[in-house]
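Protein chains in written order, with the numbering used here: chain Y, 1 to 410; chain V, 1 to 441.
In short, the hints are calculated from the structure, not lab data. As the structure is a computational prediction, the values presented were derived from the model and not from experiment. Cβ coordinates follow ideal geometry from the N, Cα and C atoms, glycine included.
A short, non-exhaustive set of chain V residues, derived as facing chain Y with CB atoms under 7 Å:
1. LEU22
2. ASN312
3. GLY333
With a cut-off of at most 20 Å between alpha-carbon atoms, the simulated EDC-like pairs for lysine to aspartate or glutamate come out as follows:
4. LYS314(V) <-> GLU364(Y)
5. LYS176(V) <-> ASP68(Y)
6. LYS100(Y) <-> ASP197(V)
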Amino acid sequence: MPVHPILSAMRHNKVGALLIGLQISVTLAILCNALLIIHQRLAQLSRPSGTDEANLFAIANEWIGAGDHTAGVVNDVAALRAMPGVAGAYVTNTYPLSNKGGGSAVWIRPPVDGTQPPAADTAMYYGDEQTLQTLGLRLIAGRNFSPTDIVTSTDDSQPVPDGLIVTQALARKLFPHSPAVGRGIYINGWTRTVPVIGVVERLQGPLVSGGGDLGGANVDNSVLMPYRDVADEAYYVVRAEPGQLAAVIKASRQRLLQLDANRLIAKVQPFSAARAAVYHDDRGLAVILAIVCAVLLVVVACGIVGLTSYWVSQRRRQIGIRRALGATRPAVARYFQTENLMIAAAGGIGGAALGLAANIWMVENLQMARMPVSYLVAGLAAVLALGQLAVLSPALRAAAVPPAEATRTV
Amino acid sequence: MFGYYLTLALRSLRRNPALTALMIVAIAVGIGAAMTTLTVLHILSGDSLPGKRTQLFFPQVDPTPADLYNAHHPLNMMDYGSAVDLWNARRADRQTLVVQSPVKVSAPGVDRPPMMLTLLATTSDFFPMFEVPFEYGGGWTAQEDKNRVHVAVISSDLNDKLFAGQDSVGRTIRLKDSDVRIVGVLEPWRPHPLFYDVEGSVTGNMVSMGYYGKPEDVFMPFFAALDVNDGNFSQFTCWGRGPARPGHLEDSPCLWVALWVQLGSAAKVADYRAFLNNYAQQQKAVGRFANTDTRMLDLMQRLDYEQVIPGNVKLQTWLAVAFLAICLFNMMGLLLAKFLRRAGDIGVRRALGASRQAVCAQYLAEAGMIGLIGGIGGWLLTLSGLWLVRRQQMPYSDLVHVDVSTFIITFVLAVAVSLLAGALPAVRASRVAPALQLKTL
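Could you put the whole structure together from the sequences, leaning on the hints where they help?
And the structure:
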């Protein structure tokens, strides 16, 4: 297909071509960024927590009134473990997917001065010898806590423990070249480093929804501390036997209130509900973007159909002359298709630049990832295909113009 | 003449129903998306205290020791000593300390189980400084701050719960284990964002949704509140051995108190900055501070620093604006095609004596009419979009509402966009050479 006649015809139609090109540009810019965001959010919300989510739930317990709650907590945990349908239970400060709780910077030796950055940022969970089994974590090195490791942590005092369990992600970050078990970890305020006694395959930190020091790339950094949490507010994490979750949730709330009514059970949340809640925004954004992209493509396609149809009807006579001079129907259709391809390609190149610029802005302002070139290529292919699809019907209509049109008089 | 153009426009729109519908839908969707996201953005960016946003400042000093690693110095809070020193110095027009803590609230003689609410320990300047509206009574005095008097101001919500919305000034509520006399009841007050509490999103996990929650339910004089709710205060961060007794932070190496000041003029701002720097230098000289970094952001800078507006909302707004731009280009192309297809009509009109301006006006009227009809669709889409936002469990959902200004802006925007889209096609239409067109008839 010779390009020259198309170009010189386009010179008479600058505005129309420009408008289609602009639409294609902005569409491509939106499309590739939206796809990137959708992909990123979906990847984010499908990250595993490392736990047996389907059978786990957490009970938020608040003791009313001051005092030592150690006996109460010990009783509660024993009672929960003894309930029918319960596969495991322990008391903790927070739980995976809860989006609550904090963490700490850790060093592998006490920092000498303030200029030394930490070796890693990590989430912190309290737990005991049954935590691994309750959550369904897999120990890949070292040993689990033993009952004698567990120390009591109150609002007032948090003793320096004798050993820690870390996740594989954290172990690799802290000790990339050697086994972590036996190595020491230091946290601000401690009097000494504490050895790692075990490594679990995976346990996601609780702050999964955002970036920040503890989310994003650091989300799989977790430490299990051998603490029995007897603070005024704490969580019981319970694992039900498969299929028994609903029954156990109901029974455990009653059991706790029956043991001691002087408490507030602020919330009982299955891990599956926690996952839905914590990723609610991410899923919502992905859905909105998908809808916007779909509507966008339809609107742009309609616009191309409308404008090209106009061009076709405007050039009926010229098309007739071409047909009379021997151009075949496919040649006429190809003319409009090539024209559209040229406009879409030019718009697409502009759109790729615009999309990259938008991506750079988002990387700087909205903690977005860099866009891989594959997205631009895919987006470009999509808008070219869209243009061809939209131009098909007007092009066929142009091809149907009879050669006799040339003979109609002025 | 304008009325006649409108009749012509209607007739012309009816001639090409598919094209007309396409343009109307495009403009409606574009306007609906833009108005929904702009409304949410407007709510979140906060128009609280418009008159004072340049007068309120958030001074920060850095009392942390040299070996406390943190990437975000100076931190958002101060230790008790520094905060009270700066507050006591009274170098600003107004100054107030703020500290939040959870507190158990009940009322003697009211049959209702105790509630866990949030107590704001603050000082008398808080109310005039942040223009807090009172329904009954008022704040307390500076003297009452100093004398640690057990008085409180309660929120309208709490007053409804405990006292059925009656004037409860003079009545007593029980905070933890102390009886406190109510001196004021607020009107429903919902500053958004909750600017004086902003803290921690940059240093924490970027979840800034907390800034659109409700204000505290109980306000008490700062020092009295420290007595009443002793043991329930939590630190922003600590170093060394931390607090000797948890929840009691006055003498601890912890950051937990925030200070806001009001400064009425640029000179006063400069003076206060100098004062703050001096204070830091002085504290370093006596060995209490290791760093002399200070910072003093005004209210808007502060909100910006904390990235209070959620990234998702910004993203959606940009998306909606780009979407509207596409709708604009789209409509422009279609109008161009539509108008120029009637080059013959235009030629006749021009030949019969219509001026270029008249032709231009006629086609602009047609574009404007599309905008108006599209505006109705856009308004309905905005309503449903905002309804969807309200249905989501966002802390700011209850703030989303539709008012007359939204309504007017929707239509103004719709008509403006379509006139913009119609401008170029109308001008092109008015440039049609009559002779050429008449020849082809």
